[in-house]
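Q: Residue strings, one per chain:
There are 2 protein chains.
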Amino acid sequence: MSKKLTSRAEDYSKWYNELVVKADLAENSAVRGCMVIKPYGYAIWEKMQAELDKMFKETGHQNAYFPLFVPKSLFEAEEKNAEGFAKECAIVTHYRLQNDPDKPGKLRVDPEAKLEEELIVRPTSEAIIWNTFRGWVQSYRDLPLLINQWANVVRWEMRTRLFLRTAEFLWQEGHTAHETKQEAITEAELMNNVYATFVEKFMAIPVIQGLKTESERFAGADETYCIEALMQDGKALQAGTSHFLGQNFAKAFDVKFANKEGKQDYVWATSWGVSTRLMGALIMTHSDDHGLVLPPSLAPNQVVIVPIYKSEEDLNAITEVANGILSDLRGKNITVKYDNRTTRRPGAKFAQHELQGVPLRIAIGTRDLANGTVEIARRDTLTKEVVAIDGLNDKIEGLLAEIQESLFNKALDFRNGHITEVDTFDEFKTVLETKTGFISAHWDGTNETEDKIKELTKATIRCIPLEGEVKEGVCVYTGNPSKRRVLFAKAY
Amino acid sequence: MSKKLTSRAEDYSKWYNELVVKADLAENSAVRGCMVIKPYGYAIWEKMQAELDKMFKETGHQNAYFPLFVPKSLFEAEEKNAEGFAKECAIVTHYRLQNDPDKPGKLRVDPEAKLEEELIVRPTSEAIIWNTFRGWVQSYRDLPLLINQWANVVRWEMRTRLFLRTAEFLWQEGHTAHETKQEAITEAELMNNVYATFVEKFMAIPVIQGLKTESERFAGADETYCIEALMQDGKALQAGTSHFLGQNFAKAFDVKFANKEGKQDYVWATSWGVSTRLMGALIMTHSDDHGLVLPPSLAPNQVVIVPIYKSEEDLNAITEVANGILSDLRGKNITVKYDNRTTRRPGAKFAQHELQGVPLRIAIGTRDLANGTVEIARRDTLTKEVVAIDGLNDKIEGLLAEIQESLFNKALDFRNGHITEVDTFDEFKTVLETKTGFISAHWDGTNETEDKIKELTKATIRCIPLEGEVKEGVCVYTGNPSKRRVLFAKAY
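Protein chains in written order, with UniProt numbering: chain A, 1 to 492; chain B, 1 to 492.
Hints are computed from structural coordinates only; laboratory data are not their basis.
Be a bit skeptical, because a hint or two may be false.
[To be verified] Below 25 Å or equal to it, Euclidean Cα-Cα: the simulated DSS-like pairs (lysine-lysine) are:
| hint | chain 1 | residue 1 | chain 2 | residue 2 |
| --- | --- | --- | --- | --- |
| 1 | A | K87 | B | K103 |
| 2 | A | K103 | B | K103 |
| 3 | A | K87 | B | K429 |
| 4 | A | K103 | B | K22 |
| 5 | A | K47 | B | K429 |
| 6 | B | K103 | A | K80 |
| 7 | B | K103 | A | K251 |
| 8 | A | K57 | B | K452 |
| 9 | B | K429 | B | K452 |
| 10 | A | K251 | B | K106 |
| 11 | A | K57 | B | K22 |
[What the hints assert, rightly or not] One side only, chain A facing chain B, incomplete, derived with CB under 10 Å:
| hint | residue |
| --- | --- |
| 12 | V31 |
| 13 | I37 |
| 14 | G41 |
| 15 | F85 |
| 16 | A86 |
| 17 | Q98 |
| 18 | D102 |
| 19 | G105 |
| 20 | V109 |
| 21 | V121 |
| 22 | D265 |
| 23 | Y266 |
| 24 | K349 |
| 25 | F350 |
| 26 | E354 |
[Stated by the list, open to error] Quick look at which bits of chain A chain B covers, simulated, 3 or more residues with Cβ under 8 Å:
| hint | region |
| --- | --- |
| 27 | 243-249 |
| 28 | 394-404 |
Ideal Cβ positions, reconstructed from N, Cα and C, are used throughout, including at glycine.
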C-alpha cells in the first residue's frame, strides 16, 4: 500500500490490475486463470448478490442448484451451444489418485479410475438443466418454470484478467420455460430490464440496452439481449445478457408439454446471467488514480470514522463521541466502521480507506471535541469539510445519496460524450484512434461486413440499440442500405 | 404426490428417499452421485445459510472465494490430507473438446489439450487456501485470519444418497490462522459451539459435542471436534466438524509470521464445515409417515392459507379476510403464503402442504366468514382447531414458537431415551440389535480395539463427549483400563 498506484493516463491496464490487488479485491491464484476473491472484494459481490437476488424473487423466480458436471453426451445435445463452448471446457476424465510408484511421496492419476463418460465442468448450465426440466414439465399447469442458480462456472480462456475474464467465475444463471414464444420473449426482455435497473441504480453505471448481432449471440440462442457499458478508457463492456432460446433446448432435450388444447408442444426458453465480471465494470467506471471509488449502495462500509489522538485519554473522549455517531448512523441503516486500530497511524488509515473507496470518512480530533464538530472527507470528489456533530446524521444520509447520484451522472456524461455518429469509414477509423467510445454508424446487416470491420479496426458491434431514433441510411463500410445505426466499439 | 409414502416402519431408507423426492427437496441427476436441489429444498438451505452466515459474521469472520481447482502439486503438499482424499478426487486432465473425426456431430476430448499438471476438483480447500495465506501473513499484525467460504466441493463417493452423501455437495468451510496454539484451539471450540447452537436453535435437533478419535479425525487435523445427532432409526449422523489443524498446513505451505518478539514462527490453523448433509439430518429428525415436518425457523412458508369455496363470490369474500391475515402476519415477520391456485382442489393443497411440512395451515371457508373464525391445522401434531380471527396474530406467533420448542423436546426425549450405558460386549451387541441409538461404553483408547469393534458390529465411536461425568472403568471389549465412556453408534 506504500507505493503509489500507476495512473490511468500512464497505463490504464496496469492501473486496473494494480488497483484490484492493492485495494484487496482479488488476486491471481496458483491455478492458471483462476482468481482468489479477497474478503473486501467478496463483500462487494455479496451486496450485489443480495440486491439481484431480491429483484429475481420479486419477479417470481426461485433459486435451485444443479450439478457442476455435465456428461459429454448431454453437453453435445444442443449442437450450437456445444460448438460455442467446446474449445474452452475443463474436462474431468478420472476419479481417483494413487501413490506414484516412481516418485515416493507423490501422487498420480490412477489409470484404472477412468470415467466411462467424460464430465464437462459446466461453462453454462443449459444442458444439465434442460435435461432436468424434462422431468418437471408435463402440462401447461407446470409452466412457467422460473429458476435461478448462483454458481461457479469454468471457461478455459487463454487470456485472463482479474474479474473481467477468468477461467472460473461466479455468476447467476436464470433458466426459464414457458408455454408460448411471446411469454419467453417477454421474460428475456424483463430480465434484461432488471439487469439495466440494477446496474444503473446500484452500480451507478449507465447502460445501453440492445440486441446482439447474430455473430455475437449466445451459442444456442435465437436472440440475445444485452446491456452495454462504457469504461473510462473508452472501451465497452458487456455487463449482462438475456437470451431468448426459442425451442432449441426443448427440442434437443425433448421437453414437451400438453398445452391447453391437450396437444403436445415443445416449451419456449430463456436464460440470462451476470457474473463477477460486473466487479470489473464497477471498478473501471468510477475509480481514479487514488484508488477505488465505490457507489454508497454497494460499499461494504459507507462511512468510516478515524480517531485522531495523542493520549489514551483523548482516545477515550473521542470514542465516546464516535459511539454516539455509530449508533445514530446504524439506526439509519448506514454501514459504518470505527477504525480504532492501534497498529496503524491515522495517515495510513486515510490512505487505506481512500484506496479502498470508502465513500465518506469522518475524522474526529481533540479540537473537534471542543468545537462539537467532525471533518468529513468525500472519496469521489476528494473534498473535505468541517461540520457540526449536531445534525450529522441527516448530513451523512444526504451526502451518500448525493454521491450515488453524482457518480451515475458523471459516468452518464462521460458515456454520452463518447458516442460519436460517423458516416464514413475514415471517420470511423479516426474516432477509434483518437476519441474511442461508442461509434454510432450504419451497417448493412451482414456478417461479412461485421467481420471485415472487426478485422480492420478491432471494433465489434456491441449492440443494436433498443431505444433511440430509428432512421435508414447507408452502411459505413459497403455503402449498402442500412435500416438503422448500430453501436460499434472496442470491447473488454 | 398421489401415491402414499412408504412408512418408516416398513422401510426407513425407502421412506427417506421417497420423501426427499416427493416433497420436492431434491432428486438424482444425470451425473452419477450428483443431486439437483429443487427450489423448495434450496429455499430451506438458503434459510440455513442466512442464519449460519450471520453467526459467522457476528464471530468476526469474513467471506472470500478460492478456486475450484487445486493443482496436484499443491494437493499433495500436506501428506495426510492428500492421502485422506486421494481416493475420491475428480480430476481435470484436459481443457478442450473437438469434433470427433469418427463420429459426425459428436465431440471428443482433444488429445492435444492435455494440462501440464492435473487439477483436482476441491474435495476441501485447505491446500489452495493455505497456499494463498502464505502471501497474506507476514507479521502477527496480520493475524488472526478469519475466513469463510460458501462453495461446492466434490468427493467421488461410491455409495451416494440424496443430501446425506453426494459426489458434489454445497457447504461452507471456515479457514483460520492464528498466532498461538491456544488461540487456534479456542477458535475450533468456538465454531463447534456455533454449530451446536445453530443446529439446536434453528434445526431443533439436539446434538452431543465431542472429540473424534484419532482414526475418525479429519485428514491433516490434530484434533477434530464434532456435533453428533441421532436419527429416528437410531443411527447417528455427524452434523458438523471443526478441526484444530496444529501447524500442519502452515508447515506444508511454509506460512510463517514474525511474532511479537520478532522471531519467525509457523501459524496455527483451524478449519470447520457444515454442508447440505444437514438437510438430511433435518428431514430424518422430525418427519413422519405423512411427509416432511419442518421447524418454523427454517420453513420457507411458516403458514399457508387455503380458501375453501364454491363460488367466485365466496372466494372474493374469503380473499378479503385472507388479505387482512396475510398483512398482519407479515407485519410480524411471519412468512405466509396464500394458496389461491385455481388448478388444485383444497384436498390436493392440504396433501401437498402436509407432505412439504408447512408448520401451520389455515383453512377459511364460507361458514368461517359468518362466524369470524378460521381452522388452524398443526403439521407436527396433525391436530386441528377452530379459532377466532380476532387475536389470530398472537395465536399464530405463539403456536410457531410452541412447535419449534416441541420439535426440539421431542427429538431430545428420543435421543436421551436412546443412549444406553453398557458394561459388557454382549450387552453392547444386544443393544445394537434391538434398540440401536448411542451406546455409552468404556474403551481402552486404542485404534486396534476401535477397529475390532467396528469390524464385529459396524458401530463406530461417534465421539468422546466433551460434557457429562468422567469416570474411569474397563474397556467393554478388552477389559483394559479406560479413562472415560465414549459414544458408539452405527452412523450415516
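Q: For every hint, state whether the structure bears it out.
A: Right, here's what the structure says about each hint:
A threshold of 25 Å between alpha carbons decides the hint, and for K87(A) with K103(B) the separation of about 18 Å falls inside it, so the pair holds. Using a Cα cut-off of 25 Å, the hinted pair K103(A) and K103(B) is violated, with the two alpha carbons roughly 39 Å apart. A hinted pair counts as satisfied when its Cα atoms are at most 25 Å apart, and K87(A) with K429(B) does not qualify at roughly 58 Å. Simply put, K103(A) and K22(B) have alpha-carbon atoms about 50 Å apart, too far for the 25 Å limit, and the pair is violated.
At roughly 54 Å between alpha-carbon atoms, K47(A) and K429(B) are farther apart than 25 Å, so this suggested pair is violated. At roughly 17 Å between alpha-carbon atoms, K103(B) and K80(A) fall within 25 Å of each other, so this suggested pair holds. For a cut-off of 25 Å, the pair hint linking K103(B) to K251(A) stands: about 21 Å separates their Cα positions. Proximity of K57(A) to K452(B) is assessed by CA-CA distance (about 53 Å); at most 25 Å being required, the pair is judged violated.
Note on K429(B) and K452(B): the hinted pairing holds, with a Cα-Cα distance of about 13 Å set against a maximum of 25 Å. Only pairs whose Cα atoms come within 25 Å are accepted, and K251(A) paired with K106(B) is accepted, the gap being roughly 17 Å. Of the supplied pair hints, the one linking K57(A) and K22(B) holds, its CA atoms being roughly 24 Å apart against a limit of 25 Å. A distance limit of 10 Å between C-beta atoms decides the matter here; for V31(A) the minimum to chain B is near 5 Å, and the interface restraint holds.
A cut of 10 Å between beta carbons decides the hint on I37(A): the least distance to chain B is about 4 Å, and the hint holds. A distance limit of 10 Å between C-beta atoms decides the matter here; for G41(A) the minimum to chain B is near 8 Å, and the interface restraint holds. The restraint placing F85(A) at the interface with chain B holds, with a minimum CB-CB distance near 8 Å, inside the 10 Å limit. The beta carbon of A86(A) comes within 4 Å of a beta carbon in chain B, closer than 10 Å, and the hint placing it at the interface holds.
Hint status for Q98(A): holds, given a least beta-carbon distance of 7 Å to chain B, under 10 Å. For D102(A), the interface hint is violated, since its Cβ never comes within 10 Å of a Cβ in chain B; the closest pair sits about 14 Å apart. Of the supplied interface hints, the one on G105(A) holds, with its beta-carbon coming within about 7 Å of a beta-carbon of chain B, less than 10 Å. A distance limit of 10 Å between C-beta atoms decides the matter here; for V109(A) the minimum to chain B is near 6 Å, and the interface restraint holds.
Interface hint status for V121(A): upheld, as the beta-carbon distance to the closest one in chain B is roughly 7 Å, under 10 Å. Residue-level restraint check for D265(A) is violated (minimum Cβ-Cβ distance to chain B is 18 Å; threshold 10 Å). Here the hint on Y266(A) is broken, as its CB sits about 20 Å from the closest CB of chain B, past 10 Å. Violation of the interface hint for K349(A) is found here, the shortest Cβ-Cβ separation to chain B being roughly 14 Å, above the 10 Å cut-off.
Because the beta carbon of F350(A) sits about 18 Å from the nearest beta carbon in chain B, more than 10 Å, this interface hint is broken. With its C-beta approaching chain B no nearer than about 20 Å, E354(A) sits outside the 10 Å limit, and its interface hint is violated. With a threshold of 8 Å between beta carbons, the proposed coverage of the region 243-249 of chain A by chain B is violated, since 0 of its residues qualify and at least three are required. Closer than 8 Å: that is the beta-carbon criterion, and the region 394-404 of chain A has 0 residues meeting it against chain B, so the requirement of 3 is violated.
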